[in-house]
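> Chains as they are written, first to last, in the working numbering: chain A, 489 to 745; chain B, 104 to 913.
Think of the hints as simulated: they come from the structure by calculation, not from any bench.
All the given hints hold, so there is nothing to weed out.
Every beta carbon over 12 Å from chain A, so not counted as near; a handful from chain B, in silico:
no.	residue
1	Gly252
2	Gln258
3	Gly262
4	Val511
5	Phe573
6	Pro626
7	Gln652
8	Arg719
9	Ile744
10	Gly757
11	Pro852
12	Val872
Far from chain B by the CB rule (all over 10 Å, computed), these chain A residues:
no.	residue
13	Ser501
14	Pro503
15	Glu509
16	Ala562
17	Thr566
18	Ala578
19	Glu625
20	His642
21	Ala643
22	Tyr649
23	Ile696
24	Gly699
A few chain B residues that face chain A, going by a derived Cβ cut-off under 8 Å, partial list only:
no.	residue
25	Arg107
26	Leu113
27	Asp114
28	Glu117
29	Lys398
30	Leu399
31	Val400
32	Gly402
33	Arg403
34	Arg404
35	Gln406
36	Val486
37	Leu487
A virtual CB, placed ideally from N, CA and C, is assigned to each residue, including glycine.
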Amino acid sequence: MATVEQSSAQKYSPPLIELREVVKTYTSEAGDFTALKGIDLNIQAREFLGVIGKSGAGKSTLLNMITGVDHLTAGEVTIRAGDRPVSVHALTENELALWRGRTLGVVYQSFQLLPMLTLLENILLPMDLCGMYQPRESRRRAMELLELVEIPEHAHKLPAYISGGQQQRVAIARALANDPPILVADEPTGSLDSVTADHIFDVFEHLIEVGKTIIMVTHDMGLMPRFSRHLLLADGEIAPPPAPVTPAIPAPGRARR
Amino acid sequence: MRPRWRKVFLDLFENKLRTALVVFSIAVGVISIGVITGAYVIIANDMSASYSANHPMNVELRTEDFGSDLVTTVQGMRGVADAEGRRIFAMRVRMPGTVQWKTLDLVAIDDFKKVNINLLRPISGSIAPAKQEILLEKKALASLNLKPGEILELQLQDGTTRQLTVVGVVQDQTTGAGDFLSPPFAYIHTDTLEYLRQPNQFNRMFVTLSENQNNDEHLRAMAARIKDKIEKTDVGVGRSRVTKTNEHPMASTVQAILGILLALGVLILFLSSSLIANTLAALLNQHLRHIGVMKLVGGRRNQIFAMYITLIVAFGVIALLIAVPLGGQGAFGLAAFIADKLNFSLMGYRIVPLALVIQIVVGMAVPLLAGLLPVLNGSRITVLHAISGDIAEETAPPLAGGKKREAVVDRVLHRVTTGLARRGYHLPRPLLISLRNTFRRKGRLLLTLFTLTMGGAIFVAVFNVRVTLFDYIAAVGNYFKADVTVSFDRPYRLSEVQRDALRYPGVTAVEGWAFANAEVLFPDGTVADNMLILAPPVDSQLVEPTGLQGRWLLPGDEKVITISESILDKLPTLKAGDMLRMKVDGKEDDWRVAGIFKFVSQQGTIAYGSYDYFSRLTNLANRSVSFRIVGQAHDPASQQILSDGLDKYFRDLGYHVSETRTGKSTLATASESLDILVTFLLIMALLTASVGAMGLTGTMGMNVLERTREIGIMRAIGAVDAEIMRTVIVEGVVIGTISWFLGALLSFPFTYMLSTIVSLAVFNSPVEVHFTWLGYLIWLGVVLVLSALASVLPARNAARLTIREVLAYE
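My request is simple: use the sequences and hints to build the entire structure.
Spelled out as structure tokens, the structure:
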């Protein structure tokens with residue numbers, strides 16, 4: 489398997505996320521197109537996994553399979569984040585929404601903030617919808633998250649009045665609102681300049697330190713060194729490893745984008 | 104406030120135009136329903152309540168002259184609560200110094216303080232006129248423009264004038280109730296009769312009953328008993344009429360008309376609900392990304408559903424806040440207008456609980472029902488579709504194998520345009536884009552077309568109904584073809600009047616007619632109906648009847664009549680050729696009904712007989728008191744000039760003229776009341792049209808909003824402002840034109856339906872439907888202008904956007 493070596497402790501504990509022979513085929517006028525061709529993948533807790541590949545390689549499809557945003561054609565995705573393993577695609581749409589809200593934080597390239605709500609309210613929204621915190625506690629927690637992403641002073645602004653990088657920080661804070669163990673990010677730095685992207689990576693690295701597991705999709709091979717593990721995706725399949733082992737926590741200094 | 108509810112709150116004001124559109128769509132329907140149900144309840148209650156509060160007569164008898172002893176006799180009859188005698192006679196009046204004479208019915212009362220039947224409600228001044236004083240009914244006041252203290256000039260039959268002082272204004276809700284065509288009333292003391300050269304005797308008996316005042320059968324039986332009693336004292340009874348105490352004679356007609364307006368109100372509500380459905384579907388479509396995000400971060404279907412249902416409830420509440428007060432005011436305004444026209448009073452402004460409840464139910468239920476499907480669909484959408492979906496297109500379910508299904512409309516459009524191109528006819532690209540854009544969102548297009556088509560069909564139908572009603576009134580005018588009717592207070596020889604009349608400039612023909620009052624009897628001998636028999640010469644050119652059954656009059660007809668269809672209300676089985684038991688001039692006999700013809704039922708039953716026979720029957724052979732005169736011009740103004748001229752001419756020749764009337768004057772009042780009805784129908788039509796226009800504006804706005812990205816692309820590849828605006832406006836005009844064709848087709852059944860309902864309510868009989876191009880042409884102009892205007896605003900907004908803005912549009 490095209491993965492970096494895992495620590496021995498991780499090797500013997502069951503994986504947090506487990507993909508077994510995942511196939512996704514799209515049907516279109518031009519004919520069938522298989523985006524994922526039997527993916528087998530284990531992701532351990534506290535990993536910072538980079539999924540790297542060119543446009544059309546199946547990276548976003550892979551994330552959609554993990555988050556349950558799209559249906560798979562064959563195979564199974566199991567996540568062991570709670571009391572018992574959950575087969576993601578066996579859940580109903582409603583069960584999936586609640587489970588996802590509590591278990592997974594999702595960050596997109598285009599931020600996907602609700603434009604009519606302030607930054608604080610955007611972060612409060614998942615807590616409100618999943619009902620995990622009391623209103624007073626939600627508010628305190630949302631402010632803490634804004635401090636975590638270093639923009640507490642903008643709490644009461646609308647998304648349109650802050651920069652793209654700041655919006656992405658808010659999107660990360662929102663993804664962390666219900667304190668999910670897993671963060672899934674689809675090209676989160678894709679529309680940001682390199683300095684802002686570095687700041688986002690700083691946040692991710694801090695989250696790994698505090699025990700989160702992050703799966704991040706990117707087409708940028710240059711980001712490879714910043715992941716604790718990466719895999720290359722090409723034509724819906726995991727390609728052989730192009731890179732040597734990297735440490736779980738990157739050494740001081742910034743990676744080149 | 105929790106973030107999700109804060110989102111709902113902010114969504115309300117996110118797009119003010121859209122919120123205004125939804126709120127206005129709901130409010131229009133709620134206001135229409137509120138106004139009509141409120142007015143319906145107010146009128147249903149107040150019309151009859153105010154009528155019965157004025158102690159209306161149960162039996163009215165028009166008689167020969169009688170004295171107060173006969174009143175005492177009737178008062179003593181079993182079952183009679185009270186009886187009063189009055190003298191009612193017509194006089195020509197005017198303000199001194201003016202030229203135009205008007206006709207008033209003067210009511211002489213011997214003791215105003217003891218009036219117990221048909222009460223007079225004081226409005227201003229005195230309630231009891233002394234000798235040579237007069238009270239005016241408020242309708243008379245309106246037509247004469249006099250104030251208490253001023254002088255009224257009255258013309259006696261010999262042409263001399265008298266003057267009375269106006270001392271007060273009263274409202275009489277009962278005496279003329281139920282008669283569209285009655286002239287206004289004025290009231291004098293019997294002491295003034297002599298001054299006006301009228302006998303100091305009564306000619307009208309008003310009776311109230313002590314029991315069963317609302318039982319038709321009892322009323323008729325009592326009327327027959329009282330009539331017998333009066334006739335036994337050698338006082339002839341011309342007509343008798345019975346009315347219930349608790350029901351205004353016009354109540355059923357007014358309620359039938361309000362029923363029609365209510366049906367239109369429901370239709371407006373229906374149309375506004377399709378507009379609401381369209382707007383909410385678009386709102387949900389624009390919010391798909393929001394829904395996707397909420398589902399992504401843990402939002403479940405029921406939470407999303409609850410949020411958008413709450414949003415709809417908020418729209419409903421805002422609409423109700425606007426519509427309920429307006430509906431209440433409108434209801435009272437409409438009721439007051441009708442009360443003024445029909446001369447009854449309302450019991451003050453009030454909120455009608457039923458109307459309020461209906462408005463609240465409608466204001467909440469209609470948007471909820473209309474929005475249920477879009478909200479259900481929106482809340483069911485998957486995250487993937489929501490955050491990645493192309494919202495400018497409606498996607499049909501794919502065919503087996505994943506092929507996209509091509510809609511029939513798209514296929515036809517594609518084939519037509521490519522076919523034309525192959526033959527060398529190339530449609531301009533912007534036009535092609537407009538045409539294809541028109542059919543992209545078929546569900547939305549269908550709802551928009553439905554609203555506009557219904558609006559158009561009703562608009563056009565109202566014009567057709569108007570023509571139908573007025574043509575019917577004109578057809579009724581065929582029974583009144585004389586330009587002037589001159590009545591004398593004594594009979595004159597036909598040859599003498601004809602000779603003199605024909606000498607008057609402009610007179611081309613003169614006919615003397617005979618008259619008789621008759622009672623149609625049920626087999627048990629009770630009176631079924633009173634009727635006036637008009638007896639023109641059998642070859643008269645002044646009556647052109649619309650026959651329903653049988654034939655018209657023939658020379659030599661004896662004891663033969665043709666009768667108006669309203670008799671069928673009383674005797675539904677009557678056919679042409681049947682015998683009819685009648686009492687004519689006091690003599691009971693069987694008469695043959697030669698034919699049945701159409702006539703306005705509100706005017707009561709009338710019949711025609713031959714002059715030769717009736718003039719002999721009434722001992723007036725070759726003589727008459729009433730002459731129909733034809734002039735050269737037939738318009739109302741010429742008729743009035745001829746009428747005034749003949750009045751003076753005959754008086755100068757020494758004739759005893761009692762009255763001259765123009766032929767059109769009878770119809771003018773009927774036309775006026777129809778005009779009110781048509782105005783209401785037109786207001787409802789304009790409301791439906793405005794709902795349609797709002798629907799189109801909303802649709803075009805939503806289409807443009809959803810295609811912002813495409814507009815950006817068009818601009819990026821060189822489309823200028825004018826071109827972008829043209830594609831949007833042409834799309835609107837295409838929708839408008841399609842709706843016009845559909846509306847024109849639908850207007851035919853609508854015209855038949857509406858004409859039948861209205862004519863049944865107003866005339867008690869269906870009428871022949873007529874069509875006019877006017878409605879179709881006006882609606883074509885209106886819909887083209889509306890659709891262009893409805894597209895201009897969205898088109899301007901689209902053209903104003905910069906490429907960067909539109910390509911960055913989320």
